[in-house]
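Sequences listed follow chains A and B, in order.
The numbering of the first sequence is my numbering, which starts it at 75 and goes up by one.
The numbering of the second sequence is my numbering, which starts it at 75 and goes up by one.
By construction, these hints were calculated from the structure, which means they are not laboratory data.
C-beta: ideal position from N, C-alpha, C; glycine also.
There's no promise every hint is true.
As the list claims (entries may be wrong) - Derived Cβ-Cβ restraints for the label pairs, each shown as a range: (1) B:S80 / A:T227: 20 to 28 Å; (2) B:S119 / A:R114: 42 to 50 Å; (3) B:Q207 / A:S119: 19 to 27 Å; (4) B:T108 / A:G79: 48 to 56 Å; (5) A:S80 / B:S80: 48 to 56 Å.
Protein chains: 2
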Amino acid sequence: MAGSGSKVLVFSADHGGIDLKNKLVAHAGSLGHTVVDVTRTQGESVDYPDEVGAAVEYFLQRQADFLVLVCGSGVGVSIAANRHHKIRAVLADNPYTAALARAHNHANCLCLGQRLVGEDMACAVLDSFIANQPDLSERHKRRVHKLEEPCRT
Amino acid sequence: MAGSGSKVLVFSADHGGIDLKNKLVAHAGSLGHTVVDVTRTQGESVDYPDEVGAAVEYFLQRQADFLVLVCGSGVGVSIAANRHHKIRAVLADNPYTAALARAHNHANCLCLGQRLVGEDMACAVLDSFIANQPDLSERHKRRVHKLEEPCRT
Numbered sequence: 075m076a077g078s079g080s081k082v083l084v085f086s087a088d089h090g091g092i093d094l095k096n097k098l099v100a101h102a103g104s105l106g107h108t109v110v111d112v113t114r115t116q117g118e119s120v121d122y123p124d125e126v127g128a129a130v131e132y133f134l135q136r137q138a139d140f141l142v143l144v145c146g147s148g149v150g151v152s153i154a155a156n157r158h159h160k161i162r163a164v165l166a167d168n169p170y171t172a173a174l175a176r177a178h179n180h181a182n183c184l185c186l187g188q189r190l191v192g193e194d195m196a197c198a199v200l201d202s203f204i205a206n207q208p209d210l211s212e213r214h215k216r217r218v219h220k221l222e223e224p225c226r227t
Numbered sequence: 075m076a077g078s079g080s081k082v083l084v085f086s087a088d089h090g091g092i093d094l095k096n097k098l099v100a101h102a103g104s105l106g107h108t109v110v111d112v113t114r115t116q117g118e119s120v121d122y123p124d125e126v127g128a129a130v131e132y133f134l135q136r137q138a139d140f141l142v143l144v145c146g147s148g149v150g151v152s153i154a155a156n157r158h159h160k161i162r163a164v165l166a167d168n169p170y171t172a173a174l175a176r177a178h179n180h181a182n183c184l185c186l187g188q189r190l191v192g193e194d195m196a197c198a199v200l201d202s203f204i205a206n207q208p209d210l211s212e213r214h215k216r217r218v219h220k221l222e223e224p225c226r227t
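Looking at chain A on its own, in the form it has when it is part of the complex:
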C-alpha cells in the first residue's frame, strides 16, 4: 500500500528513451508511488513533440503530481514540455539540479536523457525530484507565476 508520501507519476518516452523509462517506472513503483505509463511507442520512431503533447494532456487531466519524460538526450522532451504554460520542466542529470528545480522553480516535470545518464543516477535524480518541496517564498512564487503568462514573442 502506498504511504502518505506517495505520489502519482505519469511517465512517457519516445523511442530513444524506452529502456530508461521502464527502469524509472519500476523504481517508482517499488517505492509505492502510483505510476501511469502513457508511452505510446513500442520502439518505432516517433516525434517527441507529439508524444510530449499527449503526455501533458493526460497529466493535466489526471491532475497527477509529476510528469517524467525520457528521450535520447532529454533535450527534445524538455523543450517540448516547456512549450506548455502549466508545465515547468527541468532537464536534470544530477540530484542537485532536480532539487533546485523543485525548490526554486516549482518544477512539475522531470526530463532525462537515456544516452546521457546511467540508470542508477537517473533513479537518484528522480528520488531527489520527488523528495524536494517547493520553496514558497514570495519571490519564487512571483517568478513561477510569471512563467504562466503569455509570451510577447
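Given chain A, work out where chain B should sit, using these hints.
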C-alpha cells in the same frame, strides 16, 4: 578581426548568473565572436522570466545566432526561454548535451547554472554549442518544426 566562423551571441543573466555570464562573454569575445551583453541587473534581485523575455526580444530582433542565458541553476531561464516558440533552449552542464541539442534539436539558446557548472566547463559547453551544426535530416527538421506549433494546453 572575426573569422568566417564567427557568430553573433547575445548574453543575459539574472543576479545569480552574473559572474559566470561575465566569464563566458570574455571567452566568446576572445575567440572573435561578436558579443552583445543585454544583462540589465547590476546585482540587484530580478525575476528571471522578465530578464529572459527582454533578452529573447533583443535576440530575435537582432537576428543573432545564439542566445546564452545564465542564472543560479540554469533551470529558471531554460523554462522561461522555452516558453517562446522561436527559442529552443537547452540546459547543459557538459559538451555532449550541448552537441546533441545543436544537432538534433537545432537549439539556438544555451542555458547554464552558475551554482552548478565550473567556469572552465561552462566555456567548454559553450564551445561545443557553437561548433556543432544542426543535423538537417528530415526527421529532425520535422520535429523541430513541430516545436513551433501552438500548444493545445
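Between Q207 (chain B) and S119 (chain A), is the Cβ distance one that fits in 19 to 27 Å?
This hint holds: roughly 22 Å between Cβ atoms.
Check the following: the C-beta atoms of S119 (chain B) and R114 (chain A) are separated by a distance inside 42 to 50 Å.
holds (43 Å)
Within 48 to 56 Å: is that where the Cβ-Cβ distance between T108 (chain B) and G79 (chain A) falls?
Hint holds: Cβ distance 51 Å, inside 48 to 56 Å.
Measuring from beta carbon to beta carbon, are S80 (chain B) and T227 (chain A) in 20 to 28 Å?
Holds: the Cβ-Cβ distance is about 25 Å, inside 20 to 28 Å.
Range first: 48 to 56 Å. Now tell me if the beta carbons of S80 (chain A) and S80 (chain B) are that far apart.
holds (54 Å)
Going down the numbered hints, you'll see the structure goes against none, and every one checks out.
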